[in-house]
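Listed here are the chains, written in short residue letters.
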Amino acid sequence: MLYREVGDFKTTYRSDGQTFPIAFDRWRYYIVLLVAFCVVPFIINDYWTNAVLLPFLIYAIAAIGLNILTGYCGQVSLGTGGFMAVGAYSCYKLMTGFPDLNILFCVLLSGLITALVGMLFGLPSLRIKGFYLAVATLAAQFFLVWLFNKVAWFYNYSASGQINAPERTLLGYKITGAETSAPVTYLFCLVLVVFLAIIARNLTRGHLGRSWMAIRDMDIAAEIIGVNPLKAKLTAFGISSFYIGVAGALLFAVYLGAVEVGEVFGIQKSFLVLFMVIIGGLGSIFGSFAGAAFMVLLPVLLKNVLVGSLGWPTDIATHLEFAIVGLLIVVFLILEPHGLAQLWRIIKEKLRLWPFPH
Amino acid sequence: MNAIAPEAYTTEDGRKIGGVVMEMKNITLRFGGVTAIKDISFDIREGEVRAIIGPNGAGKSSMLNVINGFYHPQEGEVWFRGEKRGPMKPYEIARQGIARTFQNIALFKGMSTLDNIMTGRLTKMKSGILSQAIWKGPAEREEIEQREKAERIIDFLEIQSIRKAPVGSLPYGLQKRVELGRALVAEPELLLLDEPMAGMNVEEKEDMSRFILDVNDEFGTTIALIEHDMGVVMDISDRVVVMDYGAKIGDGTPDEVRSNQKVIDAYLGVAHD
Ligand SMILES: Nc1ncnc2c1ncn2[C@@H]1O[C@H](COP(=O)(O)OP(=O)(O)O)[C@@H](O)[C@H]1O
Ligand SMILES: [Mg+2]
Numbered sequence: 001m002l003y004r005e006v007g008d009f010k011t012t013y014r015s016d017g018q019t020f021p022i023a024f025d026r027w028r029y030y031i032v033l034l035v036a037f038c039v040v041p042f043i044i045n046d047y048w049t050n051a052v053l054l055p056f057l058i059y060a061i062a063a064i065g066l067n068i069l070t071g072y073c074g075q076v077s078l079g080t081g082g083f084m085a086v087g088a089y090s091c092y093k094l095m096t097g098f099p100d101l102n103i104l105f106c107v108l109l110s111g112l113i114t115a116l117v118g119m120l121f122g123l124p125s126l127r128i129k130g131f132y133l134a135v136a137t138l139a140a141q142f143f144l145v146w147l148f149n150k151v152a153w154f155y156n157y158s159a160s161g162q163i164n165a166p167e168r169t170l171l172g173y174k175i176t177g178a179e180t181s182a183p184v185t186y187l188f189c190l191v192l193v194v195f196l197a198i199i200a201r202n203l204t205r206g207h208l209g210r211s212w213m214a215i216r217d218m219d220i221a222a223e224i225i226g227v228n229p230l231k232a233k234l235t236a237f238g239i240s241s242f243y244i245g246v247a248g249a250l251l252f253a254v255y256l257g258a259v260e261v262g263e264v265f266g267i268q269k270s271f272l273v274l275f276m277v278i279i280g281g282l283g284s285i286f287g288s289f290a291g292a293a294f295m296v297l298l299p300v301l302l303k304n305v306l307v308g309s310l311g312w313p314t315d316i317a318t319h320l321e322f323a324i325v326g327l328l329i330v331v332f333l334i335l336e337p338h339g340l341a342q343l344w345r346i347i348k349e350k351l352r353l354w355p356f357p358h
Numbered sequence: 001m002n003a004i005a006p007e008a009y010t011t012e013d014g015r016k017i018g019g020v021v022m023e024m025k026n027i028t029l030r031f032g033g034v035t036a037i038k039d040i041s042f043d044i045r046e047g048e049v050r051a052i053i054g055p056n057g058a059g060k061s062s063m064l065n066v067i068n069g070f071y072h073p074q075e076g077e078v079w080f081r082g083e084k085r086g087p088m089k090p091y092e093i094a095r096q097g098i099a100r101t102f103q104n105i106a107l108f109k110g111m112s113t114l115d116n117i118m119t120g121r122l123t124k125m126k127s128g129i130l131s132q133a134i135w136k137g138p139a140e141r142e143e144i145e146q147r148e149k150a151e152r153i154i155d156f157l158e159i160q161s162i163r164k165a166p167v168g169s170l171p172y173g174l175q176k177r178v179e180l181g182r183a184l185v186a187e188p189e190l191l192l193l194d195e196p197m198a199g200m201n202v203e204e205k206e207d208m209s210r211f212i213l214d215v216n217d218e219f220g221t222t223i224a225l226i227e228h229d230m231g232v233v234m235d236i237s238d239r240v241v242v243m244d245y246g247a248k249i250g251d252g253t254p255d256e257v258r259s260n261q262k263v264i265d266a267y268l269g270v271a272h273d
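Protein chains in written order, with my numbering: chain A, 1 to 358; chain B, 1 to 273.
Rather than coming from a laboratory, the hints here were simulated on the basis of the structure. There could be a bad hint or two in this list.
[To be verified] Derived PhoX-like pairs (lysine-lysine); straight-line CA-CA distance at most 20 Å:
| hint | chain 1 | residue 1 | chain 2 | residue 2 |
| --- | --- | --- | --- | --- |
| 1 | B | Lys136 | B | Lys126 |
| 2 | A | Lys231 | A | Lys129 |
| 3 | B | Lys38 | B | Lys262 |
| 4 | A | Lys231 | B | Lys124 |
| 5 | A | Lys348 | B | Lys262 |
| 6 | A | Lys129 | B | Lys149 |
| 7 | A | Lys231 | B | Lys89 |
| 8 | B | Lys164 | A | Lys231 |
| 9 | B | Lys124 | B | Lys89 |
| 10 | A | Lys93 | A | Lys150 |
| 11 | B | Lys149 | B | Lys124 |
| 12 | B | Lys16 | B | Lys38 |
| 13 | A | Lys350 | B | Lys136 |
Let the sequences and hints guide you as you build the complete structure.
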């Protein structure tokens, strides 16, 4: 395998600014896309779709969202679960209030609504930072869950207090409801993930992304060279919440179908997505995917190996999962704040100039 | 501007010094009980290298912070380009064409040299969120245009080889240079440098002095700098303000300042003991 930059020179700023400046990386990216779109849909079954693929795709969107806010702009948030709930309940109200509205629009509009809510809750970030901001977003988390529990209008006064996704189709294929098929829901989520990831990549490589990173790295210097902190922080909150809202809408409408807010969008969800971002890598789109994959695969793997093959009791496997995740969080925070993405980068760096390291 | 600008002149080495661009009038700045700046007035003329010197704690950095709007003086007025400055945020002042470097390096540690310098172009970048999201088209074109400006500064400061390096990993002297680049790339009208040579060895100081003079000469940038090394100050500045305990104790050409008894007592004495 020849993975190399040797002999691959950049002669224009355009090609130097590419997402994958090394030809080999570019090809790998195209191949992954090709497999994801043209091979996977034909070989998946319900188990793998529900246990791994759909949650991976949906959490990848949420993780990209949180990564924009925390990894790129440096604003800590523990409100991810609450914002996902905003997306889910917006989607539910849109689907039931406007039965003719295309499901794709429902999902995207839910993202927009969440973006507005996120900007509202982002306002305190102009005054407070770090730990205090984390507490403020925690308050948002609890407030939002309480709100969707308390105000019956949000769940259309249903007796159970749950929301259920009605059946909706796109181009004749069932996307939500009881009888969806695995390849269809998978492809629907995949298209959204790819689209949103490309946009996130574009936003983070331009001047908006640099203004976020400037605020993250040194807010005073950022302001003195001309970054408007209000604009930088609120765009980060808004765009981040858009992604998180879309993820919430998909989790509810496409993946789960029925949701009780406290159960699905509680504080655990905020931590789950935060862990994805930390383990995957702060400030990296690729890291968001890596973190989502890791956090989704780990329990499945442990369950299959420890419980399925070795016959361990389920609760011990679950505890082991907590222990592993906890340990990794500590290790990554202390040793490698840029997470799996950075480990990957280091491996590539070693391979990059091989066989001529100088 | 003309009302307060006496006639322009040309220096011995042939640089043109114009009218007053920045005028500080009776500035007083207090932090609780501490008066960091006591009723100081001075001006900065177009195209000149203006030094601010004085012992530690004299209030020099505070003065730069007043100029770029980070501190708001309790009394006094700031006039820029012949207009009195109202209440403004630091980022608005940056957009007026005032850039600076910091006494303690304030680079964006998580970003590369190139990205740090590109961030300095931020005030010139106009493409909106949507066109950045799409990237192809206006946003990419703008990025490439701005990249060319950034590369010109990178060439000028001779830091091509560290273009892609994360700035946190660079040696101190180079970090100072990158920070200068980040300020320069904004094409400021007025450049504020807070101890650009602090902690440097003789060679690095010589490089930095050369860059400062080149900036002033080639781009016509007006420069106000704080510096401790008297040799350097005497070499590169046109006029010098001397501060001590928040008050102004001298103002004039390097020669005038050097022969001012108050300055000798307060500053030179301290520097040489
Ligand atoms: N943000 C601040 N809060 C309180 N005191 C300050 C602040 N900034 C500066 N000072 C005080 O103002 C005085 C002048 O400081 P400074 O401008 O940094 O001096 P210099 O740059 O000449 O060494 C010092 O006594 C310092 O303690
Ligand atoms: Mg100082």
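How the hints compare with the structure:
Between B:Lys136 and B:Lys126, the direct Cα distance comes to roughly 15 Å. Compliance with the 20 Å bound is thereby established for this hinted pair. Distance hint between A:Lys231 and A:Lys129 is fulfilled; the C-alpha atoms sit about 16 Å from each other, no more than 20 Å. For the suggested pair B:Lys38 and B:Lys262, the alpha carbons sit about 17 Å apart, so the restraint of at most 20 Å is met. For the given pair, A:Lys231 sits about 16 Å from B:Lys124 by alpha-carbon distance, which is consistent with the 20 Å threshold.
Between A:Lys348 and B:Lys262, the direct Cα distance comes to roughly 62 Å. Violation of the 20 Å bound is thereby established for this hinted pair. Only pairs whose Cα atoms come within 20 Å are accepted, and A:Lys129 paired with B:Lys149 is rejected, the gap being roughly 34 Å. The hinted pair formed by A:Lys231 and B:Lys89 meets the criterion: a straight-line CA distance of about 13 Å does not exceed 20 Å. Restraint check for B:Lys164 and A:Lys231: the C-alpha separation of about 27 Å exceeds 20 Å, so the hint is violated.
Between B:Lys124 and B:Lys89 the CA atoms are separated by roughly 18 Å; this keeps the pair inside 20 Å, and the hint holds. For the hint linking A:Lys93 to A:Lys150, the alpha-carbon distance of about 16 Å falls within 20 Å, and the restraint holds. The straight-line distance between the Cα atoms of B:Lys149 and B:Lys124 is roughly 11 Å, inside the 20 Å bound, and the hint therefore holds. At most 20 Å may separate the alpha-carbon atoms for a hinted pair to count; B:Lys16 and B:Lys38 exceed this at roughly 32 Å.
In summary, the hint linking A:Lys350 to B:Lys136 is not supported, as the alpha carbons are separated by about 32 Å, beyond the 20 Å threshold.
Checked against the numbered hints listed earlier, the structure breaks hints 5, 6, 8, 12, 13; every other hint is satisfied.
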